[in-house]
Amino acid sequence: MKKLSFVFTLFIFPFFAFAKVQIATTTTDLAALVRQVGQDQVEVFAIGKGTQDPHQIEAKPSFMVKLRSTDLVLAQGLELESAWLTPLIQGARNPKLLAKEGVMELAAELDPIEIPKGAVSRAEGDVHPGGNPHFQLDPIRLGKAALLIAARLGDLVPAKKEFFIKNAEAYLKQMKDKTTAWQERLKKTGIKEVVTYHKTFSYFCDRFAISCLIQLEPKPGIPPTASHLLSVIEQMKKKKIKLVLIENLYEDSVGPRLKQALPDVVVERVPVSVEGEPGIASNEQLIERLVSVFEKGAH
Amino acid sequence: MHFRMNFFVLFLSALAYGAPAFCLTTPNISANALFLYRNSNFHKEDADPMNLDEKPNGLNVREMELQLSSDVDPYTRLNLLFSISPVYEANGTGVEETWALEPEEAYAESNVVPGVLLKIGKLKAFMGKHNLLHTHAAPFIESPLANTSLLGEEGLNDAGLSAGLLLPASWFSELTLQYLRGKGENEEFRSPTPGEGVGLAHWKNLFDLSDDLTMEIGISYAQGGNSYRETTSLSGADWTLKWRPSEGGRYRSLVWAAEYLGRHQSQAGVPQEKGSGVTTWIQYQFAERWASLYRYDTLSMKDSFDPVNLPNETWRRHSLAVVFSPSEFSSFKLEADQRTGGPKNANGDGTERSLFLQANFTIGAHAAHAY
Chain G
1 MKKLSFVFTL FIFPFFAFAK VQIATTTTDL AALVRQVGQD QVEVFAIGKG TQDPHQIEAK
61 PSFMVKLRST DLVLAQGLEL ESAWLTPLIQ GARNPKLLAK EGVMELAAEL DPIEIPKGAV
121 SRAEGDVHPG GNPHFQLDPI RLGKAALLIA ARLGDLVPAK KEFFIKNAEA YLKQMKDKTT
181 AWQERLKKTG IKEVVTYHKT FSYFCDRFAI SCLIQLEPKP GIPPTASHLL SVIEQMKKKK
241 IKLVLIENLY EDSVGPRLKQ ALPDVVVERV PVSVEGEPGI ASNEQLIERL VSVFEKGAH
Chain Z
1001 MHFRMNFFVL FLSALAYGAP AFCLTTPNIS ANALFLYRNS NFHKEDADPM NLDEKPNGLN
1061 VREMELQLSS DVDPYTRLNL LFSISPVYEA NGTGVEETWA LEPEEAYAES NVVPGVLLKI
1121 GKLKAFMGKH NLLHTHAAPF IESPLANTSL LGEEGLNDAG LSAGLLLPAS WFSELTLQYL
1181 RGKGENEEFR SPTPGEGVGL AHWKNLFDLS DDLTMEIGIS YAQGGNSYRE TTSLSGADWT
1241 LKWRPSEGGR YRSLVWAAEY LGRHQSQAGV PQEKGSGVTT WIQYQFAERW ASLYRYDTLS
1301 MKDSFDPVNL PNETWRRHSL AVVFSPSEFS SFKLEADQRT GGPKNANGDG TERSLFLQAN
1361 FTIGAHAAHA Y
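For the protein sequence lines, the chains are G and Z, in the order given. Residues in the first sequence are numbered from 1 upward in steps of one, following the working numbering. Residues in the second sequence are numbered from 1001 upward in steps of one, following the working numbering.
What the hints contain is simulated information worked out from the structure, not anything from laboratory work. None of the values given here were measured: they were computed from a predicted structure. Any given hint might turn out to be false.
[To be verified] Simulated pairs of lysine-lysine, DSSO-like, Cα-Cα distance not exceeding 30 Å:
(1) Z:Lys1242 x Z:Lys1344
(2) Z:Lys1119 x G:Lys96
(3) G:Lys100 x G:Lys188
(4) G:Lys100 x Z:Lys1119
(5) G:Lys66 x Z:Lys1119
(6) G:Lys296 x G:Lys259
(7) Z:Lys1204 x G:Lys49
(8) G:Lys66 x Z:Lys1242
(9) Z:Lys1274 x G:Lys66
(10) Z:Lys1274 x G:Lys96
(11) Z:Lys1122 x G:Lys96
(12) G:Lys96 x Z:Lys1124
(13) Z:Lys1204 x Z:Lys1242
(14) G:Lys96 x G:Lys117
(15) Z:Lys1122 x Z:Lys1274
(16) Z:Lys1242 x G:Lys49
(17) G:Lys239 x G:Lys219
[Said to hold, decoys possible] Not everything, but these chain G residues come out facing chain Z in the computed CB check (under 7 Å):
(18) Glu58
(19) Lys60
(20) Trp84
(21) Pro87
(22) Pro95
(23) Leu98
(24) Pro116
(25) Glu251
(26) Ser253
[What the hints assert, rightly or not] In silico negatives: residues of chain Z with every beta carbon more than 10 Å from chain G:
(27) Asn1111
(28) Gly1115
(29) Leu1132
(30) Glu1153
(31) Ser1266
(32) Lys1344
Glycine included, every Cβ here is placed at the ideal spot set by N, Cα and C.
Pulled out of the complex, with its shape left as it was, chain G reads as follows:
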């Protein structure tokens, strides 16, 4: 019996002692944040890919298999993932995720913007009643999200709580410093207003004092129509808008039409998530890529 206990201690115990906490995220942006905070103390996988629309991920049963052994799911929230995340959680049959603490939604804790006033109706398209969930392009909110993640990871692994919080605080400071630099570079471009396909850039625009009130979608989730495009072209002429950003989740079918009507306009298809194109492995690299697009658009 003693021998058996020794063998157990020698071979089995280390797996428990050093088992990493398993985190699933709904987006690659959150996965990158978890890596910043948890570093080598966590294992993380993202359900959605950086090139996929997070509103429309398919609830593949293979994700349920991965979620079976997951300790925590991190979601952006504000109903961004509600259509597909609930069936995945239920299908995974993992008691840890079915508990209230099993899923952590971040956007609601990060001072959401664009909260609709009055009654919300689908006549206005795919509106999020709690506000815009696409906070991943705001470096300061990313830093604050890192702090929230660190606190939650600390609950899961109390022995590493300080390690997680230290990493998150360092990340927030790094993003604050970077934001100051990005603000200066964007100011130099002189671009004060852009057109985007969907309201993905709202937090980015809010942070860097750029107006992005005109979308190619007539309403959230509704593809561009000919009459709406004409209206956008008229507004761009009137406001002298020179830059159009099309999230690379969407096809660039309207870009050529805009270029035909407004030859001087720069139309750029850009990533809006980590891993949204090759070479973008972190949230910082993603925002750097967007800032460089503005610099290119200014010339």
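We have chain G already, so just place chain Z on it with the hints.
Just chain Z, lined up with the frame of chain G:
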């Protein structure tokens, strides 16, 4: 099993009245309406006005669904789904349209046992893939010939117990065991013997062939006592290939599915009845809001117990459809079907040609359909 409509209206009113005051505990509510225009040479109303026809030509509400779901407590969720649809009944001088309200599904489910999804209540049995679908989620207007003829118009749907076990494999592998009471609307399992129910097993496997491509394989088997005090058995197999690219998946996707369903029924003193059918269909999404579909399905009967409605021959059907979806909450489907074999119409025509136009609208917090 029809309920009185006024009780249902009262129930809805109570829900609506209670919603603002108790919003935290109000269930998710969603409703769906299907409007269908049908033109078929098998459903000419003037061909035989006294012969009951539940699928008359013309435009009508096909079905309305009301779904409520919510957590009961930390252990259980409750799902209720009511269906309202027109029914045509002879009144002595003609055919009268009335409305039927039925509980399509009403079950509680729980994950209280780790790794197992438990259900109790009235539910769609896990007999293949198509039998699980609600009407508005079916790829074609008409169900596969085998499902309609061997399981009935409403499919295999009965009160019972279900346990879905996620097997410890590196791919998705789920074994579902169900016990149904055998007293539902399904003729093939209505045993007069008290306590004689139906046992069912389904094994579902899904493999990620790549990030963009999945393959699902499932097998099903059910057995229970029938109304002839003998045994009916069902066997099924399904296969689905789904492709949706990680880049551009909003605009292009492909589904190719095939399903086999067989039924053997015994009755004392006569040969065993054997029926089986295969359906295969393909759906190609060629634009953000457009998809085209094609289906081929067959049904073969041998030693039928009901040779008038289920003749001993092979039925074949081709279906072609195009779907336009303005949003994820509405769609319009134009479909043409041609069937040969099977029952003849009032004019003795053995080839059924149908044209359908269906509008599909959903409001409220509708749960996502299974992958």
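Cβ separation check - Z:Ser1266 to all of chain G, threshold 10 Å: 36 Å, holds
Restraint status (C-alpha distance of Z:Lys1242 to G:Lys49 at most 30 Å): 17 Å, holds
30 Å Cα cutoff - pair G:Lys239, G:Lys219: 21 Å, holds
Hinted pair Z:Lys1242 and Z:Lys1344, Cα distance within 30 Å: With Cα atoms ~37 Å apart, Z:Lys1242 and Z:Lys1344 exceed 30 Å; violated.
30 Å limit on alpha-carbon distance, applied to hinted pair Z:Lys1274 and G:Lys66: Status violated; Cα separation ~42 Å.
Restraint satisfaction for G:Leu98 [CB to CB of chain Z, less than 7 Å]: With a closest approach of 5 Å, the G:Leu98 hint holds.
Pairwise hint evaluation, Z:Lys1119 against G:Lys66, where the allowed Cα distance is 30 Å at most: 23 Å, holds
Given hint G:Trp84 near chain Z, where the shortest CB pair must fall under 7 Å: Nearest chain Z Cβ about 6 Å off; hint holds.
Given as non-interface: Z:Asn1111, which should sit over 10 Å from chain G by C-beta: Non-interface label on Z:Asn1111 violated, nearest chain G Cβ at 5 Å vs cutoff 10 Å.
Given pair status - G:Lys96, Z:Lys1119, alpha carbons within 30 Å: Roughly 20 Å separates the two Cα atoms, so the pair holds.
Holds or violated: G:Lys96 to Z:Lys1124, with C-alpha atoms at most 30 Å apart: Between G:Lys96 and Z:Lys1124 the Cα gap is close to 28 Å, so the pair holds against 30 Å.
Satisfaction of hint between G:Lys259 and G:Lys296, Cα-Cα up to 30 Å: Distance ~16 Å between G:Lys296 and G:Lys259 Cα, so the pair holds.
Comparing the model with each numbered hint stated earlier shows that hints 1, 3, 9, 10, 14, 24, 26, 27, 28 do not hold.
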